[in-house]
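> Since the structure of chain A is already known, use the hints to place chain B on it.
2 protein chains.
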Amino acid sequence: MAILVQKFGGTSVANAEKIRRAAETALRAHQDGYQVVVVASARGKQTDELIADAKELNLAPPRREMDMLLTTGEQQTISLLATTLWGMGQKAISFTGQQAGFKTDDAYSKARILEIDSKRILEKLNDGYIVAVAGFQGVNAVGDITTLGRGGSDTSAVALAAALGAERCDIYTDVDGIYTADPRLYQKAVKIDTISYDEILELANLGAGVMHGRSIEVGKKYDVPIYVRSSVNDIPGTLITHEVPEMESILVSGATIQKDLTKITLIGVDHKPGNAARIFAHLAAKRVSVNDIIQTEVSPEKANLSFTVLHDDLDVARQAIADIRTEVHCQSVMVREDVAEISIVGVGMQSHYGVAETMFKALADKRINIDSITTSEIRISCLVDLEQAEKALVAVCDAFELDKPAVERQMK
Amino acid sequence: MAILVQKFGGTSVANAEKIRRAAETALRAHQDGYQVVVVASARGKQTDELIADAKELNLAPPRREMDMLLTTGEQQTISLLATTLWGMGQKAISFTGQQAGFKTDDAYSKARILEIDSKRILEKLNDGYIVAVAGFQGVNAVGDITTLGRGGSDTSAVALAAALGAERCDIYTDVDGIYTADPRLYQKAVKIDTISYDEILELANLGAGVMHGRSIEVGKKYDVPIYVRSSVNDIPGTLITHEVPEMESILVSGATIQKDLTKITLIGVDHKPGNAARIFAHLAAKRVSVNDIIQTEVSPEKANLSFTVLHDDLDVARQAIADIRTEVHCQSVMVREDVAEISIVGVGMQSHYGVAETMFKALADKRINIDSITTSEIRISCLVDLEQAEKALVAVCDAFELDKPAVERQMK
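Those protein sequences? They're chains A and B, same order as listed. Just so we're aligned, residue 1 is where the first sequence starts under my numbering, counting upward by one. Just so we're aligned, residue 1 is where the second sequence starts under my numbering, counting upward by one.
Do not rely on the hints blindly, as some may be mistaken.
Chain B is nowhere near these chain A residues, computed Cβ spacing over 12 Å in every case [unchecked claim]:
hint, residue
1, Asp32
2, Pro236
3, Glu297
4, Glu337
Keeping only pairs whose Cα atoms sit at most 27 Å apart, straight-line, the calculated BS3-like set for lysine-lysine is [unchecked claim]:
hint, chain 1, residue 1, chain 2, residue 2
5, A, Lys18, A, Lys191
6, A, Lys91, B, Lys103
7, A, Lys110, A, Lys259
8, B, Lys110, A, Lys45
9, A, Lys91, B, Lys110
10, A, Lys221, A, Lys103
11, A, Lys103, B, Lys119
12, B, Lys103, A, Lys124
13, B, Lys124, A, Lys110
14, B, Lys91, A, Lys286
15, B, Lys91, A, Lys55
16, A, Lys18, B, Lys55
17, B, Lys55, A, Lys124
18, B, Lys18, A, Lys55
19, A, Lys361, A, Lys110
20, B, Lys286, A, Lys91
21, A, Lys45, B, Lys55
22, B, Lys259, B, Lys361
23, B, Lys259, B, Lys188
24, B, Lys259, B, Lys110
25, B, Lys103, A, Lys119
26, B, Lys55, A, Lys91
27, B, Lys188, B, Lys391
28, A, Lys103, B, Lys124
29, B, Lys91, A, Lys103
30, B, Lys119, A, Lys45
31, B, Lys91, A, Lys110
32, A, Lys103, B, Lys45
33, A, Lys55, B, Lys124
34, A, Lys124, B, Lys110
Hints were generated in silico from the structure; no laboratory data involved. Each residue gets a CB set at the ideal place from its N, CA and C atoms; glycine is no exception.
Bound conformation, chain A alone (with noise of 0.2 Å):
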């Protein structure tokens, strides 16, 4: 038979009516021939309450301990769903991070899963049961429990999928799928039916917010099939799956927009070999993840060197930055806070040629500076004033004919 690995967000599964829901739709699909086995996120808010709570007692409060506390609230959700279950007269059972076999690393509040013994759920399958798991967590070589991080629970659900030989991976979220932009932001966004993980995962690192960057890693790795789709209806969602010919037909698959980015420029380091892999390892070593470098030469001695932050990593890139600026003989560092940034990503970018023309007049026609520019393969960013930002997005949504569905915007 068939396995079907099915997740809920916190939000498809905050109160009884939402688990209730959620144990229906397991529920369908074990009455259509699959073994399904469901992950589920803490209610609601919970994690944010928890957090809360920790933090009135403790403003820094310690990993180890924030990760015992917030797996307790999948483990709440997890067992009311094969409680429900059984409610509905189906066999159903609850499994811990632990119980579901995720061994991970040490690295409290962003582990890694290591290996995944799925024995307990396999025999549970076989037997007939819907099998509940905690997402988000597993456990180290000496049984403490780990976090994925936030967000997590995505790579957990996929990673089962894989672990499992499931035929796919449905996210169940308050969304019905994944749009060409944000709709709230650019309120002509369509549904996006089948996008590549390469391009998801762009999406996903520039802020898009829909799925975990790391889920969409696995999925790609191991090949499993991820399907986005609403936990309130059943209108047709989004599905993630390998590039196949017909995507490289269309040029851009989707827009976004990152503004929780800072802007830090090191000006007048000494210009030679090893400067910005010193001053980059330094910073990875400090944790911070660092996009969008530009290195300009300013003279033959002299260089500066920019690059953008997270907002929440900015003070830790702050003393990285002290710690070695005298090392590469920086002479002053400029930040700034008032950016945002602007991308287009599409796997048919790889064999056209033009897009970035088109994105550049597009933001120039709407008087829009761009600060600095940044490509990948399958993505061009700019960095923009913040206050320009949206007003940037739905220009370039337009130009690139975000507001139509992707048969229409084949080949043109």
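For chain B alone, kept in the frame of chain A given last:
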């Protein structure tokens, strides 16, 4: 270094302020030179709320899933306690029942501890940590989470104190010790300084409600001094310990009332060997706890058999009796729900005469009718009308001078 186990009940960790106070209590003991293990219950009314959440989804939630659900409460408390201690500059670590090494049988919702593997706790104590352990919970052989039943955190604490060879187990609660009678019913009640395991065990089983009966059995078996004290002030509490000679000079240590009882009488049961055993074995098989058994011969062939059960067990008891009624030729069944039991407890009774007479006279003087009487070595219980029960308690307390400190009652 001596080990001290401190147990904080739900009311003693109900909010941030109380958690902070519990952490301070643990820290003080640590600074006094103890190695400290804190065992905690779920915060405030959380367990009740989680039960309500489950019942909203399934009126008969499966026990395994309830254990999965309810154990999250303690897990939250211990991580918050450890977090608070770190904030106070003290190394601390929280352990779930499983991590603390509590191995239990499979009886979900009322599991028994089979073994405590306290290796990890000892390691951390020796490293200078305060260890916070989730009460009430353990893990069975297949790795499923079990609970010890309501009030089981007391048992966790005392059993852990035994396993660790602790000097003492302190039970912090919202009362400042154990009283000669419930002060809400007998305003003149006084606090007991020292009481034996056997006495407190009788009082617990008679519904005195201060300590979980099983925890006292464990304390007695492994000789763990248990100190019941207030979590809000430093007033001396009540020490539960082995019987010491002085105790015998006190006739009656305490009196109690149990109201949630039903008296069941099987009328005209065939009076032949094995019939009573058959009935009680069947009730035991249905997990009905039976007390105060009295058999009276009404003819050479027939006997009446009466006993009490808890209100909660009444439905199961009725069904069990219906199953077996024909077999034992029971003519009719009488059920009285309007009864209560008044009991006095004291190791001094063993060597003194006239205690029962004093009790009966006290009740007779107040024109309280005694339905039936049962006794043990250290207890006398009288079943009375429910509506006369509180008056009966006061009469008995006055007769045995339970309004005076023990020293004044000695050797009268």
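> Checking against the hints above, which ones are violated?
8, 19, 30 and 32
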